[in-house]
Structures are given as structure tokens and as C-alpha cells.
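K.L.:
The residues making up each chain are set out below.
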Amino acid sequence: MHSIHQSTVTALVSNSSLSQTQTSEVCLKIESLCKEFGDFTALKSIDLEIHEGEFVCFLGPSGCGKTTLLRAIAGLELQTRGKVYQNKKDISLLPPQKRDFGIVFQSYALFPNLTLEDNIAYGLKNQGYNKSRIQERVKELLELIGLEGSEKKYPAQLSGGQQQRVALARALATEPGLLLLDEPLSALDARVRLHLRQQIKSLQQKLGVTTVMVTHDQEEALTMADRIVVMNHGVIEQVGTPEEIYRQPVNAFVASFVGSMNLIPIEVTSPSSVLLGHQSIPSLPHELSSGDSASLAIRPEEIELFDQKPDDNAVEARVVHTEYLGAFLRVTCELLTLDQEIVVDLQHTDAERMVVAQGLDVFLKMPQCYCRIFAEQVK
Amino acid sequence: MSVNTATFKWPARLGITFNSETLLKLLFLLAALALMLIGLALPLYTMLMKSLQNSAGEFIGLANYQYYFATPALANSIVNSFFIAILTVIIVVSLAFVCAYGITRTCMPGKRVFRVLTLLPILAPSLLPAISLVYIFGNQGYFKELLGGASIYGPIGIVIGMCFWIFPHALMILVTALSNSDARLYEAAKAMKTSAFRTFMTVTLPGVRYGLMSCSFVVFTLAITDFGVPKVIGGQYNLLATDIYKQVVGQQNFQMGAVVSVILLLPAIFTFIADRWVQRRQTSQLSSRAVPYQPEPSRVRDWTFSLICYAVAGFILLIIGTAVYASLIQFWPYNLSFTLRHYTFDGLGGSGWESWFNSLKMAGGVALIGTLVIFTNAWLVEKSKEFPLLRQSVHLFSILPMAVPGMVLGLAYIFFFNHPANPLNFLYGTLAILILNTLIHFYTVCHLTSMTALKQLDPEFESVGASLKVPFWRTYTRVTLPVSLPAVLDISVYLFVNAMTTVSAVVFLYGPDTRLASVSVLHLDEAGYFASAAAMAVLILLTSIVVKLLHAGVTFVLLRKAQDWRQR
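As they're listed, the protein sequences go chains S and B. For the first sequence, my numbering assigns the number 1 to the initial residue and increments by one for each residue that follows. For the second sequence, my numbering assigns the number 1 to the initial residue and increments by one for each residue that follows.
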């Protein structure tokens with residue numbers, strides 16, 4: 001068994017989080033899956049493995065193909081080419097009815113004319129459950145989602161968050177081997193979303209059901225997922241744990257899509273140093289050859305800011321703008337040697353030590369361990 | 001390996017796995033297509049061929065058409081038909097616009113009563129206004145002098161009669177168009193100190209221009225294809241629709257009937273295409289954040305519009321009242337004593353109550369079968385994912401009937417079903433062919449209503465059902481149908497009322513045992529039993545009213561029952 005992300009990650013990989021996923025069974029395997037809508041290619045040869053009990057998020061901007069991939073797994077959208085295996089069984093051409101999954105949609109899609117009880121029991125009646133067992137199961141599920149005693153209510157009598165929980169209960173009722181969540185939280189308001197995020201995650205852990213969630217919200221993906229699949233333009237850009245995605249993005253797209261990232265044009269001078277303006281600074285090791293144009297990626301909170309020159313590697317800059325964000329101060333500086341803006345987040349405690357105001361000359365220190373180098377130059 | 005016994009695999013290249021569910025969908029879709037071929041495409045094709053043949057059935061190219069255009073007595077009808085239709089469009093659209101404006105943009109009193117009254121003409125056969133007009137303005141009419149010596153038999157009568165029964169259709173379209181207004185635009189205009197006239201020209205009119213166009217097309221098509229009004233009151237003034245009847249029933253010249261039908265089909269198809277084009281442009285003019293316009297009281301404006309609207313309502317009541325009155329007196333204008341004699345239809349054979357029962361059976365059949373078939377087909381088209389080509393063709397065929405005038409469809413049915421070599425020949429003259437014909441004739445509006453209702457449902461209901469391994473028909477009967485019940489009931493009552501009142505298509509198709517009430521009105525009028533004709537027309541109107549009231553009652557009860565879950 002291998003995980004495909006290892007080959008694509010160029011930077012350091014922390015092995016801590018991989019152990020769990022490597023040992024468990026493969027629940028879902030996708031092989032060179034393509035989907036075309038006429039001339040438009042929604043998915044370009046997707047390969048992916050999802051392990052038993054894992055919570056995987058498909059993350060990407062709208063139109064990146066994440067929903068199409070989810071629908072292909074469900075059989076709601078038939079792929080143009082490629083295979084889907086569930087528990088080693090080829091399900092590529094099976095209709096949704098013959099596959100083993102439960103699904104929750106952004107719109108909930110609760111049946112408005114049926115009570116919660118009937119909604120949740122909708123799939124149970126077909127599986128030869130008798131009446132008392134159905135009632136028992138419905139009661140159990142309502143308890144699980146914290147809506148006990150609401151059997152006779154109609155969906156319209158519930159709030160959005162409650163409706164989404166019922167949709168979840170309905171999807172889980174038949175104990176599917178795979179739970180698919182299609183942007184389940186994006187129709188809810190911010191506070192409910194935060195609460196439901198934790199609820200879904202703890203429910204998933206309690207039941208141990210393999211779960212795939214589609215989202216465009218990076219925070220949602222970072223907080224909920226065991227592994228994140230970052231997608232863009234129909235291809236997988238990176239697969240990894242939230243920490244890997246955040247700390248070791250493999251390219252400029254992932255780097256800038258997840259969290260905020262400074263992307264600074266540089267010239268490569270050696271396997272572990274680059275030229276920023278006229279100044280050479282040490283970077284993480286990379287495979288580019290000297291003379292290449294590339295980008296240096298560093299997150300705002302990874303840069304240290306000084307009002308006096310700390311050492312020779314520090315870069316001179318001038319503050320052009322500050323923004324107070326409560327927990328930290330966001331400082332926009334202009335590099336003096338290069339026409340380039342750079343954003344630095346100052347911890348509340350650091351910000352109090354010095355007066356950072358517009359026009360101040362400062363020195364920025366970029367620790368070598370955070371200076372990622374990507375081949376593309378992003379302007 | 002994944003294939004069980006109930007599933008067999010289609011070549012993977014096609015990307016379809018057949019199982020019992022997809023197979024069932026395929027069968028349903030094929031049945032829908034077959035219905036459209038038998039009920040629409042093949043009859044029309046047969047008719048087209050017929051127009052290129054001589055009476056012996058030999059192909060003679062366009063000779064029939066040459067003869068048609070070389071004979072002024074025939075070709076004049078084209079000019080006449082266009083003249084009548086355009087005049088009707090001008091009168092009806094402007095009148096309907098004023099009334100719709102009154103309903104939506106003023107605070108005139110009694111809006112509800114007015115709207116109910118304006119619905120009445122739809123519930124009566126188009127023969128009714130014509131009969132009433134004869135009583136009002138005819139040779140012995142009580143307002144004859146108002147015409148100043150001109151005869152009601154001819155263009156004047158035709159246009160007045162058409163205006164009467166087409167008006168409700170136009171009003172409904174324009175009320176809808178004018179209701180879709182954004183109050184914010186008016187507030188913006190006010191804030192910029194725009195005059196009322198300029199606001200009207202720059203905000204109101206542009207907002208309803210597609211509605212106005214669509215309305216004009218509908219009125220034009222209805223006017224140019226109507227048969228009932230000119231048949232009764234047209235006198236010697238020839239129109240395309242009546243020409244078909246004269247050629248076929250009067251002279252037994254089926255080829256010429258086919259030629260006139262093809263000629264009548266052309267403007268109908270043209271307006272149909274133009275209307276579809278306009279409708280496509282119409283979408284999403286109004287953002288979801290629009291705030292509906294609420295009129296503020298203004299004495300002069302409100303009363304002006306009330307007066308106009310009440311005058312229109314008064315005219316409608318006058319026409320209907322005259323028909324009722326005529327059916328209840330001994331003999332106009334000599335013996336005005338009250339009688340119910342005309343409602344016994346004594347000695348009129350198949351034209352009496354029997355025809356009314358036939359109409360009930362036919363309308364009931366169309367309403368029941370039609371609603372099920374049309375809604376199910378619309379569901380297959382809108383909600384299934386398989387067989388896109390097949391679904392598109394069913395959709396296209398479902399929209400086409402609107403372009404086919406009733407007279408044309410009726411005649412096409414004669415050619416197709418009466419052909420001795422047709423295995424469906426046994427249908428000819430039965431109630432079944434009347435049901436099929438009426439169902440197809442009024443298919444489009446019902447199909448579009450169903451599609452609109454279905455589009456409002458969550459697109460994922462079917463996906464959820466499938467993911468829970470529930471067969472699609474259970475989701476259809478347990479969720480889709482109950483949720484769409486108001487639309488389904490609307491469709492059924494629409495079909496019933498139209499089946500009850502239509503005369504144009506069925507006039508060619510009834511048999512000795514299946515004469516319909518509306519056809520009886522025509523025959524009674526032709527035979528000179530004017531009072532009995534009025535009585536039968538009133539009977540049809542009453543039946544429609546009762547059904548409409550029942551529908552309102554049932555809808556009210558159902559919505560009340562469903563209030564728990566419909567309420568937000």
C-alpha cells in the first residue's frame with residue numbers, strides 16, 4: 001500500500017500522522033478517474049485512496065471538481081473514464097442504489113411532507129426492518145443528534161442546523177460503509193456552523209464511519225479532516241494531514257489557498273539559498289538549479305520583525321500599513337531592495353514591545369526552516 | 001463480479017448499467033415518445049402528405065396549393081384571418097393591460113370579485129359569446145341600434161366574441177408580468193424626482209415588455225385558430241379555421257381541408273417559435289432580492305381604473321347573462337315567459353343530455369389520465385439522468401402541441417386514424433380517440449406547469465432516495481407527488497375545463513354514440529334551436545364552474561392539512 005502524496009511532496013514530510021492511515025484497510029480507491037462535460041474537463045485523471053474510518057476533506061475553490069468527484073463516488077455522476085473501488089469491489093458502473101453510502105447535501109434535501117421519523121426511516125423500510133426496530137433505530141438516531149422527542153415534527157419546523165442534523169441522521173440510518181457530505185455547513189450561519197463542525201466530527205469519531213466531505217472553507221477542512229485533498233482545476237494538488245497541508249504545501253497554489261502566504265519572487269543561488277533583491281538568504285533545500293527564477297513562500301506569522309538590525313540575514317523594509325486584528329497585528333511592509341510588499345503578523349505581545357507605525361524602517365528575519373521555495377513565480 | 005442476477009451490463013463504453021429501475025424508466029420514456037408519435041407527429045405527417053395528393057390519393061406536388069392561391073374565394077381567408085387576429089390582439093392586449101394594471105398597481109376596490117368575474121369566459125365554450133351576441137346585436141337583438149345598421153354577422157361579431165373569451169388568458173399573463181415588480185426601482189425613480197409618466201415609460205413598461213410580447217403571441221394564436229365564434233356569428237365572412245370545417249364537412253374535400261390546415265399551421269408555428277424565443281429572454285429579470293411593489297391609494301387613479309374594470313366585468317356579465325336569459329325564456333322576442341323547457345332538449349336525440357354525459361366522461365377521462373401521464377412524463381424529463389437524448393425529444397414533443405390549432409389536429413386525426421390500413425383504426429369514433437386528441441391538444445400548458453412545479457423541488461430528492469436504496473417510484477409517490485399536489489390539481493382542473501369546452505378538434509372526431517356537449521351547441525345552433533344551444537352552453541359553463549369550485553375546495557382542504565409542513 002502506498003499513499004500517493006508521498007511522491008508529490010517535495011519538502012520535508014513529518015511522519016507522525018501517517019502511521020494510522022497506513023495500517024488500516026483501504027475503503028475507497030479511485031483510479032485515473034476522468035469526467036468531461038462536453039468540452040469541459042471537470043476531473044483530469046484522479047488517483048486517490050481513502051482508508052477505513054478516515055475523515056477526508058476535498059478542499060478547493062468553486063469549480064475545482066471536488067463536488068463532481070464526490071458525485072462520481074456516489075454514482076450520481078458517471079465518470080467518463082476510470083475506476084472506483086469500494087472495499088476492493090469495482091463499483092465504477094453501479095447505479096447509486098447498488099452502492100453503499102449515505103449522503104448529506106448542502107440543501108439538506110429533507111422531504112418536506114414527511115415527519116422527522118419518516119424522513120429518518122425512509123431508507124429503513126426498504127431493508128426489511130420491522131416496525132418496532134425502525135422506531136427503535138429512529139429514536140436512537142434522534143438521540144444521537146440531540147433531537148430526542150421530535151419524531152412527529154416536520155422539517156420546516158426546525159432551524160437550519162437542526163435540519164442538517166436530521167439529514168445526517170437519515171444518511172446514517174442504514175449504517176452505510178461510507179458517509180458523503182457535500183458542503184454540509186455552507187448554508188448555515190457562522191455560529192451554527194462552528195458548533196455543527198464539532199458535532200459532526202465527534203459523531204464521526206464515535207461511529208468510526210469513513211467520511212468524505214466536500215468544502216471550500218479551509219478552516220472547516222483544517223479543523224475536521226484527518227486528511228485533506230486539495231484540488232484545483234480538476235486535479236489533486238496535494239493530499240496530506242491538515243498540518244502537512246498548512247506547514248508543507250507542495251506548490252504555490254496550495255500555499256496561497258490554505259491560510260495566507262507571502263509569495264516573493266527570488267532567484268536561486270544554491271541548493272539551500274536564494275537571492276532576494278541583492279541579498280542572499282538561506283532557504284529550505286530544494287532541487288532547482290542556480291539562476292532559476294522562483295518564489296519564496298513564507299507565512300506572515302513565521303516572519304520575525306525587529307526595529308534594529310538583528311543579523312546579516314535580516315531584510316530591510318518599511319512599514320506601509322498596519323491593521324489591528326485583535327489577537328495579532330497585521331503589518332504590511334515594503335521591501336527596500338525590491339518593489340515587493342510583504343505581510344507580517346505580529347503577536348499581540350510582540351507588538352506591545354515596539355511602536356510599529358506607518359513609515360517605520362524595520363528588519364525582517366525569515367528563518368531558514370520556513371523559507372519554502374516553489375518553482376513557479378506568482379505575481 | 002459486481003453484477004448480480006437482476007443486473008446485466010451494457011458495454012462500458014456507453015456508461016450505462018441496466019437494472020430494473022433504469023429499464024423501467026426507459027420503458028416509460030419510450031411509451032411517452034410513442035404517445036407523442038401516435039398522437040401528434042404521425043397524424044400531422046399524414047395530413048401534410050394528404051395536402052400533396054389528389055382525391056384519388058396520387059401525389060400531385062403543390063398543385064393543391066396552386067389551386068388554393070389561384071382561387072380568391074379561398075385565399076381571401078388568409079387576409080381575413082390575419083385582419084381579425086391582429087384587431088383582436090390590439091383590443092384585447094390594451095384592455096387586458098389596463099385591467100391588469102388596475103389589479104396590480106392601484107388600490108381599486110373589489111379586485112377579488114373582478115378577478116373571479118374575468119375567469120368566467122374561460123369556463124364557457126367559445127360558442128357561448130357568439131350565441132349571446134346574436135341575441136344582443138342580431139336581427140332581433142335588444143341593442144341592435146347600437147351598431148348603427150352594421151351587421152353583427154361578420155367581422156364585428158367575430159372580434160367582439162373573440163375578445164370576450166380570449167380576454168381572461170391575456171389578463172392572467174399580464175397580471176403575472178406586472179406582479180413581478182421591484183419596488184426599489186420605483187423608490188429610486190422617486191428619489192431622483194422622476195415624473196410619473198417617465199417612470200412608467202422607463203421602469204414599468206420595460207419590466208413587462210416580454211410579458212406584453214408573450215401575451216400578444218398567445219392572443220394572436222388563439223384568435224387565428226378559434227373556430228367556435230366565427231362558426232356561429234361569422235356569416236359569410238370566411239376564416240381559415242371555418243374554411244377547414246367547410247371543406248371537410250360541407251364539401252367532403254379532404255385535400256383542400258389539408259391544404260388550409262397546413263396554411264393555418266404556419267402562423268401558429270411562427271408565433272410559437274417567436275414566443276419560445278421571447279420566453280428564453282425573459283428569465284431572471286428579477287433578482288431574488290427584489291421587494292414587491294405595494295401601491296398607495298390615489299383617489300382619481302383608483303376610481304378611473306375601477307370604472308374601466310367594472311365596465312369590462314359588466315360586459316362579461318351581460319354576455320353570460322344574455323345566454324342564461326335566452327335559455328330560460330319561451331321564445332325571444334315574442335314570448336318572454338319563464339321556462340325550463342330548453343333544458344330538456346326534447347326530441348333532439350344525441351344532442352341532448354346524452355352528449356352532456358359524454359362530455360363529462362370525456363373530460364373526466366382526460367383529467368384523470370392526462371394528469372397522471374403528463375406529470376409523470378414531465379417528472380421523467382426533469383428528474384431522471386439517464387437517456388438524455390430520449391428525454392430531450394419527449395420534452396420537445398411535449399411543447400409542440402401548443403403550436404397546433406385544434407382544427408388542424410382534429411383533421412389530422414381523421415387522416416391518420418380513419419385510414420383502413422392503420423391498426424389503430426378501431427379507435428375511430430370512440431371516446432378513446434376523443435380523450436387522446438384532447439389530451440394532446442392541451443398537453444403543453446400542463447407539461448410546462450408540471451416542469452415549473454418540479455423545478456421548485458430540491459434537485460437532490462432523487463439522489464437521497466437512491467442513496468437510501470429506495471426505488472425511484474417510491475420517492476415519486478411518497479414525496480414528489482404529494483409535494484406537487486397543488487400543481488397536479490391545477491393541471492387536472494385545467495384539462496377538465498378545456499375538455500368540457502373545446503369544440504375545434506373534437507368536431508371532426510365524435511361518433512354517433514360519442515357526441516359531446518360542445519358539439520351539440522354547434523349543431524343546435526346550426527339547426528336553428530338557438531335557445532337550446534344557449535341552454536347547452538350554459539350547462540357546460542355551470543359544469544365548469546362546479547368543477548372549479550370543487551377544485552378550490554379540495555385545494556383549500558389539502559393545503560390546510562399540509563399546513564404543518566408547508567409553513568416556514
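Worth flagging that the hints you see were computed from the coordinates, not collected in a lab. C-beta atoms are modelled at their ideal positions from N, C-alpha and C, and glycine is treated no differently. Any given hint might turn out to be false.
[Unchecked claim] Each computed PhoX-like pair below joins lysine-lysine, with the alpha-carbon atoms no more than 20 Å apart:
hint: 1; chain 1: S; residue 1: 89; chain 2: B; residue 2: 144
hint: 2; chain 1: S; residue 1: 98; chain 2: B; residue 2: 561
hint: 3; chain 1: S; residue 1: 152; chain 2: S; residue 2: 139
hint: 4; chain 1: S; residue 1: 125; chain 2: B; residue 2: 469
hint: 5; chain 1: B; residue 1: 144; chain 2: S; residue 2: 98
hint: 6; chain 1: S; residue 1: 131; chain 2: B; residue 2: 469
[Claimed, not checked] Cβ pair distances, simulated, as ranges:
hint: 7; chain 1: B; residue 1: 471; chain 2: S; residue 2: 140; range: 35 to 45 Å
hint: 8; chain 1: B; residue 1: 474; chain 2: S; residue 2: 140; range: 47 to 57 Å
hint: 9; chain 1: B; residue 1: 471; chain 2: S; residue 2: 327; range: 45 to 55 Å
hint: 10; chain 1: S; residue 1: 32; chain 2: B; residue 2: 396; range: 28 to 38 Å
K.L.:
Are there hints from earlier that the structure breaks, and if so, what are their numbers?
P.N.:
Hint check: 1, 2, 5, 7 and 8 fail, others pass.
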